[in-house]
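*Asks:* Assemble the complex: chain A is given as a structure, and chain B must be docked to it using the hints.
Residue numbers (this note's numbering), protein chains in the order written: chain A, 1 to 150; chain B, 1001 to 1357.
If you are wondering where the hints come from, they were derived from the structure by calculation, not from laboratory data. Possibly wrong hints are sitting among the right ones.
Said to hold, decoys possible - Derived contacts from chain A toward chain B, CB cut-off under 10 Å, selection only: (1) 23; (2) 24; (3) 84; (4) 137.
Glycine included, every Cβ here is placed at the ideal spot set by N, Cα and C.
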Amino acid sequence: MSDLTFLMGKFEARIPTDRLYSDNHLWLQPDGESGIYRVGFTAYSVRLLQDVYFLEWSIDPNSAVYKKQEIGEVESSKAVSSLFAPADGEILDFNEQLLDDPSAINTDGYGKGWLFRLKTDVQFLTPDEYMQHLDAGWEKTQSLIKGQYN
Amino acid sequence: MAKKLTVVISQSQGKNPAKQQLEESLAMSLLLDGNVEVSLVPHLYDLSADHSGLLFLRSIPGDVILLSWLYPRGARWILDRQGIRGHEGISQLASLSEDSEVDREDDHHERNGNGKPKHEQVGIVLKDLPTRKIYCLDLRDHTDPQVYLKEIQRIANESTLPIVDLVSFIQAQPRAEQIEKYLRPLDILAEQKSATPLSDDDDAPANGEVVRRRWYPVIDYSRCTNCMECIDFCLFGVYGLDTQGLILVEQQDNCKKGCPACSRVCPANAIVFPGHKTPAIAGADGEVGDMKIDLSKLFGAPSAVELAARERDVELVRDGRDAVGLEIGIPRRLKDKPVKPRDELDDLIDSLDALEL
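Excised from the complex, chain B in its bound form:
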């Protein structure tokens, strides 16, 4: 009999022992607890669409907590793209980049109903979301497993509210063997430990299936406005449209490893590359960084679009094609920027001294 809440731990890339230990102690504690289903899958971002880990995730009917080494925004939209959909569950864990907000508690009741949560940007409203909730927690936020266990317990209590579609539990199909194994995380861990210790290969299959590092954009549809600048800019055929005309990352693996150029040209910051070193591109929420002014633009930093065009040119040349510079697919909004009217800023520089940051 399926339990109401499934906790899925998405394993880290590579073999960082500290990370593996956190994953393992979380899996053990949750198993001993017995209140929730526990499962372990390879690094979510690297799973190809037909990987059994994703088949397993798709087979979960109820609420899900995903623990991963990814920003929650990235994780949520990776799942969405892979057909694992639901309403965004709001975690109360404070992440490193933000303080917990008191008023968040109410937000999730409003989604897709009468009005959007106030921290949400105006993006495309996705229709037909299942009523269940998906909570994404970032394993990089805390080193103490207890912090996560507490939050999982809190969510488990919240999730006993009768908001889950119970019919889907009753009708849940028995899972195929290849999927069922994900509900035996201890076996997975044991298998990994015994697996060819001689091989130093990061790609060592967790479950017999090879998982390679992948690189592709993930669209955050809560921000995306379907403006088509990404599809105009990318010359590698990554983007496409669905039957409704909605922008889609159609050919994930056409993307050029390391190139985040389309993310830079996106006017809504809706394109996430979960593996990029810049937090804003990797899906960190809101503003990241300190309070000092960044004068890079003044000292000659290339604009995001110049940078994007340069990155794209590198990949074009690598493919034996011609560099196109700023000739093709450059956002229209850059062609005629309005000049801002002058306002009372004359003594601004003098006021800098007063602002002791």
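So that you can see chain A by itself, here it is in the shape it has in the complex:
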């Protein structure tokens, strides 16, 4: 099945259909064992961040987390943001390679740019549901950005 596309202004954010999504704009791809996912930024996130300069985690590998728990920080050319767990579960490990050079987030966000592995039994959004979520939140996202420029 071919990828879905969400239109951000003129930018086409690619949403692959081979994985699941969280409402805080991360993708989750089953990684071997059931209930274990590789997690990364969606094209939508990366487009808003643009070039990622710096990534830092504030928790250790194998830490239990709850949804919306602050787990780290990202800084890019356009933005800074705290990062939050997408669901209750356990974060098993982080993509060590990104800590030295986070550029894979921009060059291969759905592959080598993965962030961490999460163990959880929570249900996530299907690609279609994530598209709807993006649609519903698009205006809010724009005013979030606009509000901070004014």
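*Replies:* Only chain B this time, still in chain A's reference frame:
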């Protein structure tokens, strides 16, 4: 005979030598200068209402410059709550978070008169303020004492204008011994140096009175609209009303150490916790931070109210009470948020590239 201007140095918490040195060199220089009264009190925020340091501050009839390790907004409203009131004196020192504004010079003439200074939010207008001025300077802004000495000199000149109620000088009561000692800062410094060097206790009394670290909210009445969301939200009996129905931090010490939750729910950002690590909560003026967009909300940051409710729950459980989550005292404004009408934002994302920040 009292001098016109009193400079009060509010000492830092703890024993940071760099801070102590700045305090000391300021006290020495001002004493040698002899143009102003100089005094040294323990960290203002930690003083309980009956501490002699506050009695001393209340006994000062004229203009006051307060040098403290606090944001001026925090310092000013701590003083106000303790009954040390006056008009806000405008410092021309540039702080770290803002550039000096040229037009500030005129602002202080307008307060409580015909119109408010333009940088002021619409809050409650406090009545019956004494005509004298209170200047609050932040000692964290500069490391060079000369910067402060210069500004103090400038204020001293400004303060010779006949705007102070001279009658109160003439009628000033002789000060009691326990208060008078604050006008001998050298004795205070000497006493502190000789005081039990073995003890590593931060709370070592400066003047025989124990000063402990305290934690409580301070209301900025220039912003407060008396909306009552704080009193609805706090479940620990910190807030109350005065006889006029004005919101008041009634029981300061009922507050839970480290919890800034009410400050987060305040729609006017009028609640200051001077000891909090976030500048906006500690009373920094205006916007603090860099120019980058903060995408935390997008990536799932809990809202200020969610955070506040979580912080409150922690304190409730610690007290052996039940967590209430978002059930009680949640601001009404959050229940039905209006949806913003759509405007021309479609190519906003594309324009991001053009905005080289």
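*Asks:* Give a verdict on every hint.
*Replies:* A quick look at each hint next to the structure:
1. 23: Check passed: Cβ of residue 23 of chain A comes within 7 Å of chain B, closer than 10 Å.
2. 24: 3 Å, holds
3. 84: Given a least distance of 4 Å, the restraint on residue 84 of chain A holds.
4. 137: 8 Å, holds
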